[in-house]
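If you read the sequences in order, they're chains A and B.
Going letter by letter, the first sequence gives residues 1 to 95 in this note's numbering.
Going letter by letter, the second sequence gives residues 1 to 480 in this note's numbering.
Everything labelled a hint here was simulated from the structure, so no lab data went into it.
Think of the CB as a built atom: it goes at the ideal place given N, C-alpha and C, for glycine as much as any other residue.
Don't take each hint at face value.
Now the in silico label distances, taken between C-beta atoms and shown as ranges [what the hints assert, rightly or not]: (1) B:Gly203 with A:Leu35: 39 to 47 angstroms; (2) B:Trp3 with A:Ile38: 38 to 46 angstroms; (3) A:Leu35 with B:Asp327: 54 to 62 angstroms.
Straight-line distance between alpha carbons at most 25 angstroms, and here's what the computed SDA-like set of lysine to any residue pairs gives [said to hold, decoys possible]: (4) B:Lys387 with B:Met455; (5) B:Lys88 with A:Ala15; (6) A:Lys92 with B:Glu136; (7) B:Lys53 with A:Asp57; (8) B:Lys456 with B:Tyr439; (9) B:Lys88 with A:Val19; (10) B:Lys129 with B:Thr139; (11) B:Lys53 with A:Pro55; (12) B:Lys445 with B:Val424; (13) B:Lys18 with A:Ala64; (14) B:Lys461 with B:Glu426; (15) B:Lys79 with A:Pro51; (16) B:Lys88 with A:Ala64; (17) B:Lys18 with A:Val75; (18) B:Lys88 with A:Pro55; (19) A:Lys92 with B:Pro84; (20) B:Lys129 with A:Ile79; (21) B:Lys88 with A:Ala12; (22) B:Lys88 with A:Gln72; (23) B:Lys79 with A:Pro91; (24) B:Lys301 with B:Ala331; (25) B:Lys88 with A:Thr70; (26) A:Lys92 with B:Arg258; (27) B:Lys18 with A:Thr70; (28) B:Lys129 with A:Pro91; (29) B:Lys79 with A:Glu18; (30) B:Lys129 with A:Pro51; (31) B:Lys79 with A:Leu17; (32) B:Lys88 with A:Ala85; (33) B:Lys170 with B:Val424; (34) B:Lys114 with B:Lys53; (35) B:Lys79 with A:Asp57; (36) B:Lys53 with A:Leu14; (37) B:Lys104 with B:Asp183; (38) B:Lys79 with A:Leu14; (39) A:Lys92 with B:Gly189; (40) B:Lys129 with A:Leu14.
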Amino acid sequence: MSLDRTDVERIAHLARLEVGEQELAAYAETLSRILGLIEQMNAVDTEGIAPMSHPLDAGLRFRADEVTETDQREVFQGIAPSAQAGLYLVPKVIE
Amino acid sequence: MEWETVIGLEVHVQLLTKSKLFSGSSTRFGAEPNTQACAVDIALPGVLPVMNKEAARMAVKFGLAVGATINRRSVFARKNYFYPDLPKGYQISQYELPVVQLGKLVIDVDGERKEIGITRAHLEEDAGKSLHEEFEGLTGIDLNRAGTPLLEIVSEPDMRSAREAVAYLKKLHVLVRYLGICDGNMQEGSFRCDANVSVRPRGQHAFGTRAELKNINSFRFVEKAIEYEIARQIDLIEGGGKVVQETRLYDSVRNETRSMRSKEEAHDYRYFPDPDLLPLQLEAGFIEETAKSLPELPDAKRERFVREYGLTAYDAEVLTGAHEIADYYEAAVRAVPGQSKLTANWIIGDLSGYLNRDNLEVTAAPVTADMLAGLVRRIADNTISGKIAKEIFEAMWGGEGDADAVIEKKGLRQITDGSAIERVIEDIMAQNPKQLEQYRCGQEKLFGFFVGQVMKATQGKANPAQVNELLRKKLSGTPA
Numbered sequence: 001m002s003l004d005r006t007d008v009e010r011i012a013h014l015a016r017l018e019v020g021e022q023e024l025a026a027y028a029e030t031l032s033r034i035l036g037l038i039e040q041m042n043a044v045d046t047e048g049i050a051p052m053s054h055p056l057d058a059g060l061r062f063r064a065d066e067v068t069e070t071d072q073r074e075v076f077q078g079i080a081p082s083a084q085a086g087l088y089l090v091p092k093v094i095e
Numbered sequence: 001m002e003w004e005t006v007i008g009l010e011v012h013v014q015l016l017t018k019s020k021l022f023s024g025s026s027t028r029f030g031a032e033p034n035t036q037a038c039a040v041d042i043a044l045p046g047v048l049p050v051m052n053k054e055a056a057r058m059a060v061k062f063g064l065a066v067g068a069t070i071n072r073r074s075v076f077a078r079k080n081y082f083y084p085d086l087p088k089g090y091q092i093s094q095y096e097l098p099v100v101q102l103g104k105l106v107i108d109v110d111g112e113r114k115e116i117g118i119t120r121a122h123l124e125e126d127a128g129k130s131l132h133e134e135f136e137g138l139t140g141i142d143l144n145r146a147g148t149p150l151l152e153i154v155s156e157p158d159m160r161s162a163r164e165a166v167a168y169l170k171k172l173h174v175l176v177r178y179l180g181i182c183d184g185n186m187q188e189g190s191f192r193c194d195a196n197v198s199v200r201p202r203g204q205h206a207f208g209t210r211a212e213l214k215n216i217n218s219f220r221f222v223e224k225a226i227e228y229e230i231a232r233q234i235d236l237i238e239g240g241g242k243v244v245q246e247t248r249l250y251d252s253v254r255n256e257t258r259s260m261r262s263k264e265e266a267h268d269y270r271y272f273p274d275p276d277l278l279p280l281q282l283e284a285g286f287i288e289e290t291a292k293s294l295p296e297l298p299d300a301k302r303e304r305f306v307r308e309y310g311l312t313a314y315d316a317e318v319l320t321g322a323h324e325i326a327d328y329y330e331a332a333v334r335a336v337p338g339q340s341k342l343t344a345n346w347i348i349g350d351l352s353g354y355l356n357r358d359n360l361e362v363t364a365a366p367v368t369a370d371m372l373a374g375l376v377r378r379i380a381d382n383t384i385s386g387k388i389a390k391e392i393f394e395a396m397w398g399g400e401g402d403a404d405a406v407i408e409k410k411g412l413r414q415i416t417d418g419s420a421i422e423r424v425i426e427d428i429m430a431q432n433p434k435q436l437e438q439y440r441c442g443q444e445k446l447f448g449f450f451v452g453q454v455m456k457a458t459q460g461k462a463n464p465a466q467v468n469e470l471l472r473k474k475l476s477g478t479p480a
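Taking the hints into account, I'd like the entire structure generated from these sequences.
Set out below in structure tokens:
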């Protein structure tokens, strides 16, 4: 399987990445090579092997259900581009 | 053509934890914007999620209660999309390996039992809130809700009518409240429902194209939205059109569904296992311990109420509709054993009426279970009539003390002294010779008139059964 320019444009859009016109071909080629590697791995017989979701052979650590955080709104909003009335402001999102 | 409706529901249940799914921020509702959104919730660089154990326990509780498989190992995945109220650019959810799989819920519709399959239930975090109205050309973002734990419960497409969907939803609502894993508050968004609705010609095996309905935040709207959508799809197909797979928003003011977005690639979430989180592994001991902590479930409680208290199926259903009501009932019955039916009537009737009128939860009722039991006791031992009892109930509700205190204070003790009632009857007969004459000439409906007069003269305190009996004798002229 290989990717063409349209695929790259679509993936870039989904990830909100700006990819210049002249870069498309290069990305299409390198990303296709990654897919080639995946295909190679896909060809291996994995019957009876549990899929790995994480490289560490361990389980999740839990925390107790306790409120440990305090209000730091002023600190956080101090570095926000725009905030008012306690809200972070962003360009209008139209549904 | 005859059409068959196919409905599956996705319910988002906000878990009643104190802190968020992956951070130590408070989940309390109604705080000032962004005062409960920490560095993890707003996705500052370098932060890492740490899982709340209680959220896992609540998910397991639910799974056990619906007879599902609890996956000893489940995996968190990233669901990628861009929206300003999702600071990380992805939602932590579960995809291929959810914590709960393959359960079921039994519903009753028109006396018919039906099993609705539960495909899965998975843990995920909620997003923040976008406020579009307040700022010109800008959207305000409140991230207090971001990271709040949700259990998304996905049903099989097993429902065939809007009423079945509502029955399932109500059943689920009662269950999560019994389990103490959700407050069930639909106005505050603690219990949210999306419905996948499609139609197909009856007898056809393959499903039709479905529309996903959102924004249906009450049981009534769920029913109306689904019914509107069924009619829309049938009209569309019969008119030669085709149903498009899309998300539709329900508008309760206009009672219609509207296409929300047919955004291209909207559903390409590019899930992948979250590298920040190891698999969620549950020890057998943890699951066993959780199983032991399960309360008596609604169906079991309803059956027990019928068996133990001799209630009708309907009464038992109403009384077990919320565990708080059931607890209230059992506390009252313990205080007046043997009066289970009368107590049930008072709870289903007057108590519920007053609670609705004053918009109160039963746990905040001014008339406690003990007080109601005290009232029932006085009805049962004939101290007061049922009619006077209503007056006393109102006084108790108004804070005038328990039943005995109100009876004493207002002198409401029932007159059961036969000779006293007889004297009243004799007076009334003497004052109404014309009616007496007519009655004795065969106008028997005047009996009610005399009952009314006796009750009026005794301010409703005469024992009604005795009044009837004595009146009959006196009016007919039979010697007492």
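Task: Violated hints, by number in ascending order, as checked against the structure - done: 30, 33, 34 and 36
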